[in-house]
Amino acid sequence: MPRIHPLVRDLYKRALIVGKDYPHPEGLDYVRRKWKDALRNPQNCQLVEGGTSSPEMEKEYERILRKAVGKGRYVIREMEGTIQLKKYRTMRRHYGEGV
Amino acid sequence: MRILVPVKRVIDYAIKIRVDPTKGAQGVQLANVKMSMNPFCEIAVEEAIRLKEAGGKAKMKDTEVVAVSIGPKQCSETIRTALAMGADRGIHIETKGDVRGDYIDMQPWGIANLLKGVVEKEDGVDLVILGKQSIDSDCGQTGPLLAGFLNAPQATFAAKVDRDDDGSFTVERETDAGTETIKLNPTSSPAVITCDLRLNTPRYPTMPNIMKAKKKPVQTISLEDMVKELGLNLDDVLAPKNEVVEVYEPPPRKEGEMVESVEELLGKLKEKRLVA
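Chains A and B, in that order, give the protein sequences. Using this note's numbering, read the first sequence as starting at 37 and increasing by one per residue. Using this note's numbering, read the second sequence as starting at 317 and increasing by one per residue.
Calculated from the structure, these hints are not laboratory results. One or more hints might be untrue.
With a straight-line Cα cutoff of 27 Å, these simulated DSS-like cross-link-like pairs (lysine-lysine) come out [as the list claims (entries may be wrong)]:
id	chain 1	residue 1	chain 2	residue 2
1	B	K530	B	K350
2	A	K49	B	K531
3	B	K350	A	K72
4	A	K122	B	K350
5	A	K122	B	K332
Turn these sequences into a full structure, and let the hints guide you.
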């Protein structure tokens with residue numbers, strides 16, 4: 037059973053919470069599919085060779101993983117921005133462009 | 317400072333409304349559609365939290381933002397969203413059984429009466445801030461009715477709200493003729509402000525805040541108990557002042573015609589007498 041880092045699990049949960057409101061015709065299914073592919077893609081978190089042999093390597097792994105999680109959280113902030121923008125534009129179209 | 321924010325649970329803005337013509341006035345389909353907080357109510361909650369944060373970290377503890385909602389038990393989710401955005405506590409007036417949360421059963425007159433009762437029960441409310449209208453009924457009446465009941469100073473369609481040091485509010489209103497600036501001086505009653513679209517961009521509730529919101533207190537009181545406590549008549553509150561006669565979908569847009577050239581376009585316009 038492959039181990040999942042708690043930070044990565046937290047990241048995925050955050051993505052699903054935001055994904056519920058994501059403006060895509062497929063909705064949450066699209067978000068889930070894209071996020072699962074992205075999280076499984078080794079290119080998104082390039083761990084160096086050497087394994088967790090020494091404490092220094094473990095620290096290095098942790099550092100690389102946290103950087104990747106940081107990128108993931110950035111993507112979530114962008115998703116929130118898309119949701120806010122779509123909502124604002126739709127409401128503006130429905131309720132008049134105003135002054 | 318205590319700020320009261322009434323919020324409404326409505327069909328999500330992105331959903332295409334379906335009407336079942338056999339159901340007559342109750343025709344709008346509510347079952348299994350996504351419901352969320354009215355976008356104008358989100359703007360009101362955001363403004364309340366900004367007013368709370370405007371005093372700086374030191375004064376934040378002095379301001380309390382209370383979210384109020386009237387509707388079936390799923391309204392508690394809407395209140396939790398408001399709490400996740402930063403409100404401090406919630407009040408849920410729960411309607412039972414077949415009573416819908418929308419215009420068929422709960423109309424602005426009844427809502428404004430209940431909100432007036434909430435304001436009087438909660439001592440020391442300085443401001444009631446709400447959305448200008450809800451996207452399902454589009455009445456835009458609750459704010460002004462509430463201000464009338466409370467004898468309160470009001471400013472509708474607010475595009476900017478500032479709190480001054482003496483406790484009054486300076487509000488810029490968006491009107492068709494331009495922007496109007498009004499100063500509201502709440503003395504014996506709270507100020508009432510309704511929010512327009514351009515007031516702010518509501519924050520998205522992040523997961524840590526959603527977790528924190530689960531611990532914030534929400535007081536649930538049934539509609540019957542609330543009405544008894546306020547000394548109102550349940551029929552007065554629930555009986556619709558306006559009767560919905562018919563609900564129907566707009567006729568579908570007719571397909572457009574494709575034209576090959578400018579001459580053809582001009583010809584067709586002349587045919588339809590749109591161009592001399």
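(request) Of all the hints given earlier, name the ones this structure violates by number, lowest first. (result) none
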